[in-house]
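Heads up: the sequence lines are chains P and H, in that order. Note that the first sequence ends on residue 305 in the working numbering; no numbers are left out. Note that the second sequence ends on residue 678 in the working numbering; no numbers are left out.
Among these hints, one or two may not hold up.
Below, computed lysine-lysine pairings styled on DSSO-like, alpha-carbon distance capped at 27 Å [said to hold, decoys possible]: (1) P:Lys-61 <-> P:Lys-82; (2) H:Lys-437 <-> P:Lys-214; (3) H:Lys-355 <-> P:Lys-205; (4) H:Lys-665 <-> H:Lys-594.
Quick caveat, the hints were computed from the structure, so don't treat them as lab data. Please read all numbers here as calculations on a predicted model, not as lab measurements.
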Amino acid sequence: MVDESRRKFLKTTALVGAGITGLSTKTVKAGPKNILDENRMGVLVDTTVCIGCRKCEWACKTAHDLPTQPLDTYEDRSVFEKMRRPDDKALTVVNEYAARETEQFPLNVKVQCMHCDRPACVSACIVGAISKEENGSVIWDTDKCIGCRYCMVACPFQIPAFEFEKAWHPEIRKCDFCFERTKEGKLPACVEICPMEVLTYGTRKSLIERAHQKISLYPDRYVNHVYGQYEVGGTSWLYLASRDFAELQFPKLGTNPAPGVSEAIQHGIFAYFVPPIALYALLGGVMWINKKKAESNKDKEVHHE
Amino acid sequence: MKKLFLILLISFPFVINGQSKFSTTHSNQNLTCSSCHSCTIPTKENPCIKPCPRESMIRVDQKPEEGPRIIVIDKLRDTDIYAPVKFSHLAHAEMSDMTGGCRTCHHYNPPGNVIGCSDCHEVSRNRTDISKPDLKGAYHQQCMTCHRSWSGKTDCIECHAAKEKADLKPVKAKDEKAKRIHPEIKTPDKITYNTKTDRGKLVTFYHNDHTDLFRLECSQCHSNESCAKCHSQIKKPADLKITFAEQHKKCSNCHETKNNCNTCHSNKETERFNHKVSTGFDLSKFHSKLSCIRCHTTPAKFTGLNKDCVTCHGSWSWDNFNHKITGLVLDELHGELDCESCHKEKSYASPSCGDCHDDKTYPKEKPGKLIKR
Ligand code: SF4
Ligand code: SF4
Ligand code: SF4
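So here's chain P without its partners, still in its complex pose (with noise of 0.2 Å):
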């Protein structure tokens, strides 16, 4: 059993190390899930509606089974007095930029991960544990992680986080579009609870269609720009809003994919090490090696009792 397993991660370290290596961006298509699918689903976040009610991120966290304090403390606005990123104890966080002069209220966006089309954090995992499903969502396979952290680095929204108290094998935390809630049908949490109904789910086509019939309905409400339509090559998080999406600390990207970006990146730091899979390979082997030595003890444990 552990056996058949190493010789599958080998396999795989060498597949996407071939990737990385010799081939662009074309690595995210090398798996059968990597595909794109044309019905794929999205999320679009207009962020003129949303109040900052923080409803989104209690659904978000009781859905995940994470933490949480009662519905009615997410009322105190006092949390938006410093900016917030996804962490591990929260998938997603809704952000609030000051009112404008010339406007009444100020503005709130929901952070969480954009789910690319063409996902940096897919070819950046050496062990292939994440992948683009057919239904949209970028999610990962806890079984084969080995928290090395290179999705980290290689996401251009840093979104991928890590759990912090442990230094042994911490596990990747980030949105998962909800799978397992649309799996059944249901709607992501957040999508679901969403008193303004900021977040419209369906699929990635007619969300576009449909953000760029509100900006010519409401030319007065919107930037004509549709975030995440190009991003990186597209994302299937959506995103319209009443300013330029540079004021909302949304990184300006280019159309490219950011795989080839991230693949830049870690040239650069192995730059002297001849060649970089080969440190990869060791490190992630090394890794491996130990989460399974932890994982079968455990089991031994069980066993025993």
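Fit chain H with the ligands to the given chain P structure using the hints.
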């Protein structure tokens, strides 16, 4: 054959009923198909309904008392984490008097009765048609726009009870007797604005002259206003730094505001507008019932009109002018005379009699008979 006919006859009403419930009233309305449909031949399968808001809205307006007094909004009872809202429809309808009536919320209405939110907005959020918000989104987008601007609060319990504490008893009968809830909005006669400019600090605005004399509808100036206009506890739209154009927007619909500052701005309070005093043309005689635009046909331009009658009444001449409309029927003798024999001025104001009569003056003596106009 007979059987077939019978089947057809029986099924006919159902076929008719299968059409949309609004269809019976469409024909009574002054409507074109393109008000709602984007294609020339809409079918049931592909009605090609235009996205909301449609360019030409069909509106139904009612008095606040004609609508329901209280509505329990419980369409989302099963899925919602909060209790249904008891919505004071009458109070809100009264408040909307200032903001444009029913259409403040019922922003689109097919012909017929005023329809509710759920007639268009789907209860289920998991849907294929995402061209408009689902019902929960529609409710909250509507409510929060005002409620937030009023109190700045977004707390759910402002409107909802927590589910376990909900009082879902039916609304009491005595509540049904509708009386006004919101006090009648009193319109001010005069408002003096203390502006920040050094080119005439004060703007004296005679509100009721604008509504009565110039016949402006409330909504011509007060559109898109909410409760916050009067009740705001946070920063009002009026406190926001706005551009010159935005600041003058309401006035510049009629007044030229870019150059002629002293039309409105002055260092002291100004008198009420009086057409005779300000322009020398007395409206009270023959023109008091006209709206401004009948004479001042170029919007926002009120100057440059000549006081001479022919400026507007260019076709009038001795042949076709019926003197009766002035309230004085000329006697036979005077009716024969040229207009200019008596009216020396182009304004055709008081006539002079001196050319022919040494001893007669107008209006002591009259060249005919006065009648009631
Ligand atoms: S946002 Fe980051 S973590 Fe999410 S799919 Fe894209 S690259 Fe991966
Ligand atoms: S889609 Fe699911 S995991 Fe992602 S932010 Fe929403 S609730 Fe959280
Ligand atoms: S639940 Fe909706 S309205 Fe509330 S903060 Fe989240 S996105 Fe914004």
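So, going through the hints one by one against the coordinates:
no., hint, in the structure
1, P:Lys-61 <-> P:Lys-82, "holds, 20 Å"
2, H:Lys-437 <-> P:Lys-214, "holds, 10 Å"
3, H:Lys-355 <-> P:Lys-205, "holds, 19 Å"
4, H:Lys-665 <-> H:Lys-594, "violated, 33 Å"
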